[in-house]
Amino acid sequence: MIGLTGPAAERWIRRAAELVAADAERLTRLDAAIGDGDHGHNLDRGFAAAVAALPEQAPAGKVLIAAGRALVSKTGGASGPLYGTMLRRAGRHLDDLDDPDAADFGGALHAALDGVRELGQAAEGDKTMVDALAPAVAAYEEALAGGAPLPGCARAAADAAATGADATVPMQARKGRASYLGERSVGHLDPGAASTALVLRALVETLEG
Amino acid sequence: MVGIVIVAHSRTLAEGVAEVARAMGVGKAVVEAAGGDPDGGLGTSIVAVERAVERAVERASGDDGVLLLADIGSSVLTAEMVVEDAREGTVLLADAPLVEGAIAAASMAAAGADLAAVHAAAEAAWDHRKRS
Numbered sequence: 324m325i326g327l328t329g330p331a332a333e334r335w336i337r338r339a340a341e342l343v344a345a346d347a348e349r350l351t352r353l354d355a356a357i358g359d360g361d362h363g364h365n366l367d368r369g370f371a372a373a374v375a376a377l378p379e380q381a382p383a384g385k386v387l388i389a390a391g392r393a394l395v396s397k398t399g400g401a402s403g404p405l406y407g408t409m410l411r412r413a414g415r416h417l418d419d420l421d422d423p424d425a426a427d428f429g430g431a432l433h434a435a436l437d438g439v440r441e442l443g444q445a446a447e448g449d450k451t452m453v454d455a456l457a458p459a460v461a462a463y464e465e466a467l468a469g470g471a472p473l474p475g476c477a478r479a480a481a482d483a484a485a486t487g488a489d490a491t492v493p494m495q496a497r498k499g500r501a502s503y504l505g506e507r508s509v510g511h512l513d514p515g516a517a518s519t520a521l522v523l524r525a526l527v528e529t530l531e532g
Numbered sequence: 331m332v333g334i335v336i337v338a339h340s341r342t343l344a345e346g347v348a349e350v351a352r353a354m355g356v357g358k359a360v361v362e363a364a365g366g367d368p369d370g371g372l373g374t375s376i377v378a379v380e381r382a383v384e385r386a387v388e389r390a391s392g393d394d395g396v397l398l399l400a401d402i403g404s405s406v407l408t409a410e411m412v413v414e415d416a417r418e419g420t421v422l423l424a425d426a427p428l429v430e431g432a433i434a435a436a437s438m439a440a441a442g443a444d445l446a447a448v449h450a451a452a453e454a455a456w457d458h459r460k461r462s
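Chains as they are written, first to last, in our numbering: chain Z, 324 to 532; chain B, 331 to 462.
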């Protein structure tokens, strides 16, 4: 079975940085509608720092931990600690495994979700990145249980994340700056959920590419 | 003495709250500010928070711990990460209103209380209403 090798993890972070950079303006525009209007710019800066911090010839766990640390240090907004925690928790779960398989990576994704939930104190339906990440993890686990290999599991996760992000539009925000707007936060796509879908799409492109 | 670090989106907000808290700590409390993002704009920098914690430990000259107070959003999340990365029990984050909590914490720290008591004083600041 093909797993998530160190070089594949590196390519994932590089591809995520490219997708975030290409979509930075859209993410910032989404954030300007209900947040503080810096999500795309901040995440672009954070992922650029993550790419610069990628270690050479390290296993996937180490790659993700290094990327997470750089994201936390350089991002500047709430997405720094949240994405940093996501990658660090996933990395720690994979630890020093040279070639984590689809089940190992599923565990890492779940650890990432737990970390984000814990730090952000957000539940599904709060109109946050959890609304993309939680269904993604569930879809990944379902695909895994059905015997899908890593790319297939990742594809299921990315599709579920995109659907989950779209589902944030009618939600009323209960976390972050958008929550101050009450009902006025309804009708907008959550930028954190949108960027989460983007990062998982980068994983699929990396594994299928 | 317990050190205190103010984490805020703006450098001047963090410094202003620290200034008031120091005064309420009758010049004895150690209150450090960590405001702004890594580029000097509005936001949060984990590196700035970690440095402020180091300064607080140094100036409070002891191993009594550090209490963090944060304004909103990324300040809170960043402070949580600093707590997670520190040696267990040495750095705590108060779930407290920033100004009232900082003043309560500085007052308690200046009185020589331990970290648990300073933390509790900050969190009890929710009860200090403007009108009641």
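One should not assume that every hint holds.
To be verified - Among chain B residues calculated to face chain Z with C-beta under 7 Å, some are:
hint: 1; residue: I376
hint: 2; residue: V377
hint: 3; residue: E380
hint: 4; residue: S404
hint: 5; residue: T420
hint: 6; residue: L422
hint: 7; residue: A454
hint: 8; residue: A455
Quick caveat, the hints were computed from the structure, so don't treat them as lab data. Cβ atoms here follow ideal geometry from the backbone N, Cα and C, with glycine treated the same way.
Original post:
Which numbered hints does this structure break?
Top reply: 3, 5, 6, 7 and 8
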